[in-house]
Structure formats: C-alpha cells, structure tokens
Amino acid sequence: DSGVTQTPKHLITATGQRVTLRCSPRSGDLSVYWYQQSLDQGLQFLIQYYNGEERAKGNILERFSAQQFPDLHSELNLSSLELGDSALYFCASSVGQKANYGYTFGSGTRLTVV
Amino acid sequence: GESVGLHLPTLSVQEGDNSIINCAYSNSASDYFIWYKQESGKGPQFIIDIRSNMDKRQGQRVTVLLNKTVKHLSLQIAATQPGDSAVYFCAENEDTGRRALTFGSGTRLQVQP
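Chains as they are written, first to last, in the numbering used here: chain S, 1 to 114; chain L, 1 to 113.
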C-alpha cells in the first residue's frame, strides 16, 4: 500500500455522462497530481494542486476539472464523457510543491466509457 | 489482468541475466530523473532517482546511469527475477520552472523463467 488512496477502482459509464474520481494523498503530503494513462499516450500530466491551490496545469481538457479540499483530498471531475476518455487515471502525492523528490502514486481508477 | 495495454517496446530476458532499459530525454534543462516500475494493475512505483550532478547511482540490484551529454538515462537490473517483469518508465523534472514530472513512453520487461 503506497499510502495514496484512489476510489473507485473501476468505473463504467456512458458517453455524455459526468464522473468524479477521488484521491486521498499520503499522510503529510500537500501536493496532489493527476495523470491520465491511455493506450497511446503513456502517462500524461493533467493538473497539480498544492495545499488547496492549483499549481500547475498540463494537457487537461476543458471538460475536466479538479479541486483540492481543506482536508487535502482531491477530486477530478470528468464531464461530457467521450469514448476516448477511457483510460487509467492516477493520482500521486508529494510533500512539497515541486516534484524534485519524486512522488508516490495511487493504484488508479480505470474509467471505461461505453 | 489489469494491463494498461500500452503499445510499448519490449525487452525479454532470461531469469538471472542482467537487464538494461534505456531512456532518452530532450530537455537539456532537466536535472532530476527517476525510474518507476509499473506492475499490472498497480500504479507506478518509485525505484531509484538521480540528480544531474551525478553520473551513476546504485540501489539494491539496480543502477541508474546518466549521460547528460547525449541526454540519455539507463536502468540496469542485476540478476533479473520474474518479479521484475513490469513496465518501466523514466521521468524527468527541472528544479525550476515546471513542477510536474514528465514521463517517457515506457519499456515492458519480460523475464523468462
């Protein structure tokens, strides 16, 4: 167990729907990062939050949004889902704002859009 | 299994042999590098890291080599075991500027018993 908790583990939903993925960071970590892992793209950075504030943005679609709550858990909201959004979504956490000590990943949420 | 189904280059080795997994990066400003291992159904797991002021770093059965001149990173696994079968990713970051790790495309290591 890495200490980073992601729920749900699996999610199957229809096109056009909206889902919320949840992540609880490792105890003591203030940063949360979201990554998408799909067939053709490998691990793509979506967004980072640090202590409740957005810190960095990657290739995140406008249909996707995220937030980090006062208790430091984070949610990734995916709306108007398309077939191409089917992927593994990983959350990672780190102590500081920067990734230059690496970070710890959760076990992911597998999203299937049908 | 919970394979990510990535279309990856595959390295197949015999149990007990040494494995070398390579990674090229493009950002000359990158100064921190990590190797991650991803087993089927799991998230990436930290293996070893190296900073740009070093050329080599050793861990338990693993060695990372960094060649900044040609922007190349390698992971050497000694006496490869079936439990080493996984997808291996290199990741890089620069101390200033970007705050998120950028991952390479990955290599699948298959260990034949």
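Honestly, the hints are just simulated from the structure, not real lab data.
Worth double-checking, as some hints may not be accurate.
As the list claims (entries may be wrong) - Part of the chain S face toward chain L, derived, beta carbon under 10 Å:
| # | residue |
| --- | --- |
| 1 | Arg22 |
| 2 | Tyr35 |
| 3 | Leu43 |
| 4 | Phe69 |
| 5 | Leu81 |
| 6 | Gly84 |
| 7 | Thr112 |
Stated by the list, open to error - Some chain L residues flagged as far from chain S (calculated, every beta-carbon gap over 12 Å):
| # | residue |
| --- | --- |
| 8 | Thr63 |
| 9 | Asn67 |
| 10 | Gln76 |
What you are looking at is a predicted structure, and each value in this text was computed from that prediction instead of being measured.
Cβ atoms here follow ideal geometry from the backbone N, Cα and C, with glycine treated the same way.
Now for the hints, and whether the structure bears them out:
The interface hint given for Arg22 (chain S) is violated, since its Cβ lies 15 Å from the closest Cβ of chain L, which is over the 10 Å cut-off. Among the interface hints, the one on Tyr35 (chain S) holds; its C-beta lies about 8 Å from the nearest C-beta in chain L, closer than the 10 Å criterion. Annotation: Leu43 (chain S) was flagged as interfacial toward chain L, and the flag holds, the nearest CB pair being 4 Å apart, inside 10 Å. Violation of the interface hint for Phe69 (chain S) is found here, the shortest Cβ-Cβ separation to chain L being roughly 20 Å, above the 10 Å cut-off.
The interface hint given for Leu81 (chain S) is broken, as the beta carbon of that residue sits about 19 Å from the closest beta carbon of chain L, more than 10 Å. Residue-level restraint check for Gly84 (chain S) is violated (minimum Cβ-Cβ distance to chain L is 14 Å; threshold 10 Å). Of the supplied interface hints, the one on Thr112 (chain S) is violated, with its beta-carbon coming no nearer than about 12 Å to a beta-carbon of chain L, more than 10 Å. Taking the minimum C-beta to C-beta distance to chain S, about 17 Å, the non-interface status of Thr63 (chain L) holds against the 12 Å cut.
Against chain S, the non-interface label of Asn67 (chain L) holds: every CB pair exceeds 12 Å, the least being about 20 Å. Every Cβ of chain S is farther than 12 Å from the Cβ of Gln76 (chain L); the closest lies at roughly 19 Å, confirming the non-interface assignment.
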